[in-house]
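Engineer: With the hints as your guide, set chain V onto chain R.
Protein chains: 2
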Amino acid sequence: MSEKLSTQPYKGTRDFYPADMQLRNWFFGVIRRVLETAAFEEYNGPMLESLELYAAKSGEELAGKQTYNFTDRGNRHVAIRPEMTPTVARMVAAKMNDLTFPLKWFSIPNMYRYEATQRGRLREFWQLNVDIFGCDTYEADLDCIIAAINILRAFGADESMFTVRINNRRFFNDAIAAIAGTDAEGAKAVSKVIDRKNKVPREVYEKDLTALGLSESQIARIDALYGMSVRDAVAVCPASVGAQELLNLFEMLEKLGLDRYCVFDFGIVRGLDYYTGTVFEVFDNAPENNRAMFGGGRYDNLVGLFVKNAKVSGVGFGMGDVTLENFLITHDLILSSFGRGVKVLVTRFDDVPYESYLRLVETLHAAGVTASLYLGSKKFGKQIDYAVKTDCTHICVMGGDELARGVVRVKNLATREERDFPLSEITTAF
Amino acid sequence: MSEKLSTQPYKGTRDFYPADMQLRNWFFGVIRRVLETAAFEEYNGPMLESLELYAAKSGEELAGKQTYNFTDRGNRHVAIRPEMTPTVARMVAAKMNDLTFPLKWFSIPNMYRYEATQRGRLREFWQLNVDIFGCDTYEADLDCIIAAINILRAFGADESMFTVRINNRRFFNDAIAAIAGTDAEGAKAVSKVIDRKNKVPREVYEKDLTALGLSESQIARIDALYGMSVRDAVAVCPASVGAQELLNLFEMLEKLGLDRYCVFDFGIVRGLDYYTGTVFEVFDNAPENNRAMFGGGRYDNLVGLFVKNAKVSGVGFGMGDVTLENFLITHDLILSSFGRGVKVLVTRFDDVPYESYLRLVETLHAAGVTASLYLGSKKFGKQIDYAVKTDCTHICVMGGDELARGVVRVKNLATREERDFPLSEITTAF
Numbered sequence: 010m011s012e013k014l015s016t017q018p019y020k021g022t023r024d025f026y027p028a029d030m031q032l033r034n035w036f037f038g039v040i041r042r043v044l045e046t047a048a049f050e051e052y053n054g055p056m057l058e059s060l061e062l063y064a065a066k067s068g069e070e071l072a073g074k075q076t077y078n079f080t081d082r083g084n085r086h087v088a089i090r091p092e093m094t095p096t097v098a099r100m101v102a103a104k105m106n107d108l109t110f111p112l113k114w115f116s117i118p119n120m121y122r123y124e125a126t127q128r129g130r131l132r133e134f135w136q137l138n139v140d141i142f143g144c145d146t147y148e149a150d151l152d153c154i155i156a157a158i159n160i161l162r163a164f165g166a167d168e169s170m171f172t173v174r175i176n177n178r179r180f181f182n183d184a185i186a187a188i189a190g191t192d193a194e195g196a197k198a199v200s201k202v203i204d205r206k207n208k209v210p211r212e213v214y215e216k217d218l219t220a221l222g223l224s225e226s227q228i229a230r231i232d233a234l235y236g237m238s239v240r241d242a243v244a245v246c247p248a249s250v251g252a253q254e255l256l257n258l259f260e261m262l263e264k265l266g267l268d269r270y271c272v273f274d275f276g277i278v279r280g281l282d283y284y285t286g287t288v289f290e291v292f293d294n295a296p297e298n299n300r301a302m303f304g305g306g307r308y309d310n311l312v313g314l315f316v317k318n319a320k321v322s323g324v325g326f327g328m329g330d331v332t333l334e335n336f337l338i339t340h341d342l343i344l345s346s347f348g349r350g351v352k353v354l355v356t357r358f359d360d361v362p363y364e365s366y367l368r369l370v371e372t373l374h375a376a377g378v379t380a381s382l383y384l385g386s387k388k389f390g391k392q393i394d395y396a397v398k399t400d401c402t403h404i405c406v407m408g409g410d411e412l413a414r415g416v417v418r419v420k421n422l423a424t425r426e427e428r429d430f431p432l433s434e435i436t437t438a439f
Numbered sequence: 010m011s012e013k014l015s016t017q018p019y020k021g022t023r024d025f026y027p028a029d030m031q032l033r034n035w036f037f038g039v040i041r042r043v044l045e046t047a048a049f050e051e052y053n054g055p056m057l058e059s060l061e062l063y064a065a066k067s068g069e070e071l072a073g074k075q076t077y078n079f080t081d082r083g084n085r086h087v088a089i090r091p092e093m094t095p096t097v098a099r100m101v102a103a104k105m106n107d108l109t110f111p112l113k114w115f116s117i118p119n120m121y122r123y124e125a126t127q128r129g130r131l132r133e134f135w136q137l138n139v140d141i142f143g144c145d146t147y148e149a150d151l152d153c154i155i156a157a158i159n160i161l162r163a164f165g166a167d168e169s170m171f172t173v174r175i176n177n178r179r180f181f182n183d184a185i186a187a188i189a190g191t192d193a194e195g196a197k198a199v200s201k202v203i204d205r206k207n208k209v210p211r212e213v214y215e216k217d218l219t220a221l222g223l224s225e226s227q228i229a230r231i232d233a234l235y236g237m238s239v240r241d242a243v244a245v246c247p248a249s250v251g252a253q254e255l256l257n258l259f260e261m262l263e264k265l266g267l268d269r270y271c272v273f274d275f276g277i278v279r280g281l282d283y284y285t286g287t288v289f290e291v292f293d294n295a296p297e298n299n300r301a302m303f304g305g306g307r308y309d310n311l312v313g314l315f316v317k318n319a320k321v322s323g324v325g326f327g328m329g330d331v332t333l334e335n336f337l338i339t340h341d342l343i344l345s346s347f348g349r350g351v352k353v354l355v356t357r358f359d360d361v362p363y364e365s366y367l368r369l370v371e372t373l374h375a376a377g378v379t380a381s382l383y384l385g386s387k388k389f390g391k392q393i394d395y396a397v398k399t400d401c402t403h404i405c406v407m408g409g410d411e412l413a414r415g416v417v418r419v420k421n422l423a424t425r426e427e428r429d430f431p432l433s434e435i436t437t438a439f
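Sequence order for the protein chains is R and V. If you read the first sequence in the working numbering, its first letter stands for residue 10, the second for the next number, and so on. If you read the second sequence in the working numbering, its first letter stands for residue 10, the second for the next number, and so on.
If we strip away everything but chain R, and leave its shape as in the complex, we get (with noise of 0.2 Å):
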């Protein structure tokens, strides 16, 4: 053809060359560290799902405008996953009798999201996910605070860099009907009144708080909520089981020191229909970038989409890797350090058998020395060149003189510092 194809990543999605996937396997290795040490076990679900898993969640429309979704051949309606948790759902209730509950679970999948590309919001994206299931109690909540802080930390970030804005679902609605004077069903009425506060003008909102029968001072009662301190806070509801919840919560992270990171902040809503209990955002400190990053919080029974009378509530957080990325950049915390260990090019010369090179390589590799030969046979000038550009930090050479003598000379790039070593020893130079 003569047409030349496209070099061009398909819209939205990134290309990796081997300095970033670099870059993202060292994001995830911390990641998985952390988790894996807290006893988080790491699995993944397909890519392809059936689309009926979305609709469930969001409704039919939500779901097929936001996913890609196609009719494959045997007429299954088929998404392409755009977030993880309806995958992990359906495989604890494919196993709900063989697991052994609680579980703390963790997957770092990548994902697609069908949707206008802007900063830090890509088609393409990998998103860690850390669940809890079954454990209906504060100390799940706290486990999952504590290892999205622990995460942060193992960066480097410092209570400097990063809040954990933490709400609870039931002591919000609790609160309302107190201050409202309503039942659960009013209550709701006007928190979603409230959890458009921040998207509407001011007067907006008060009119459709008015409108349902709020008065100035119970309104202003609301707003004193946003800047009170939790203990100050749950007073308006103190038997709420929401309140006992949030204090729970706030004393072992104040015994931990970890109330440094945390804020209780009653603006944490994260969408009516889903949380159920604490719900928590992290938010960047940094001005210029100051928003949220990431959040979570309780479900519960999501795993009844799938089995009659199931009862396994969850908790947990999902972030995304373009988020973390950029919250890193911002803070100066990625190390320019990281993976940066001995490599080693071999040159060759050509009066030299190639399987003596072969056997030096091969004696380094034994050794774990990541080391490559030089593939092809041009001039030495070329092969420095090639072991400066791809980040070499030692070159061996091995002339026709060195062999004769039993000898590798081997220069360190960086301090250009040459010394031979007996053949036999040559590992020992690194």
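Note that these hints are calculated values from the structure, not bench results. For clarity, every value in this text was computed on a predicted model and none was experimentally measured. Each hint can be trusted.
Chain copies aren't distinguished; within one or between two, either way the pair holds.
Okay, derived cross-link-like pairs now, BS3-like style, lysine-lysine, Cα gap no bigger than 30 Å in a straight line:
#1 K104 <-> K387
#2 K20 <-> K320
#3 K264 <-> K391
#4 K74 <-> K317
#5 K66 <-> K13
#6 K104 <-> K13
#7 K66 <-> K20
#8 K66 <-> K206
#9 K320 <-> K388
#10 K74 <-> K13
#11 K74 <-> K208
Structural biologist: Showing chain V alone in chain R's frame:
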């Protein structure tokens, strides 16, 4: 909804529960270690690619049939990648002037093929792709073959378990031209018949060759090539560049003692339109599974599909995760011990402050010990049960009595040994 959703994964895909995922992470970890030691660098690309990328290589119809593909809302024809080669060729083409050749690259992407499912052939699979770009000589072919052998050896496989069958497409064409006495075009027609040798009855094979003008003795000479050693075979056309490549390759394999894994096989062709030099396939030697597990070879200038006048040769191989897993199971090479490090469950009593347990777990984590606190507050027996079922190696017991004495009782669940450790020295227990 009262209609419950299915818990089955989509047809031809798998759920990876923690035990499955641990196995897969172990597989991929071994592979990464071998390749990174040999200075291969990992890359990755998007799951979605333009459909024309595959059409350009395999033809519109085949590409449409064997891939999941659809038209997006921007009227782009998009495919879920069925293989990695077009992606990597695109990536190399996009940065051709910035990259330092030869490139030694690998990736372990997930991909989809739209096909009937059978043993070892699923719709979603992971495939290791190893490629060297920009080295035209046999040294790169050798480097790839050594990498393939070293991966299998790293899993504990030996020469009794697998064989690398090697041929050369240049030699194949030259040998046929020499025997058939045809030009290159005539040799191509003969090659097409030979490529189908094992797929048609012997008499059809002979009739087709006769129709192309081959005599009985010429057919016999071609037959004889199948049983020959590499040195006897190359004597058919010693001036062939492919013959010289084969000789060089086998000479080095012998000198490195790797010839015990390798054999020349004139029957290895691997698709007529793609490969241009060395080709190889790795066979499982087990009688019940004796077939090609994976293979690869030299393909010239895929980058030319994207960049005018580009000439970047490549050599590489691909290996599917299911194939590898079947091989390791067949030869009993899956270590039951992988990943079985220390895993501690800290049990919990209600009369001890919760923060005491949280601090104990924090201390263990800081020392890198995998540990979790039992979530919830069930009876001790239930907690032990949980520890056993979740493969914990140890439990920590700290009741009111131990707390008062400042000790933690550590029980090894395998040996049933119990011992008290001062709280301040708890990390020495593991």
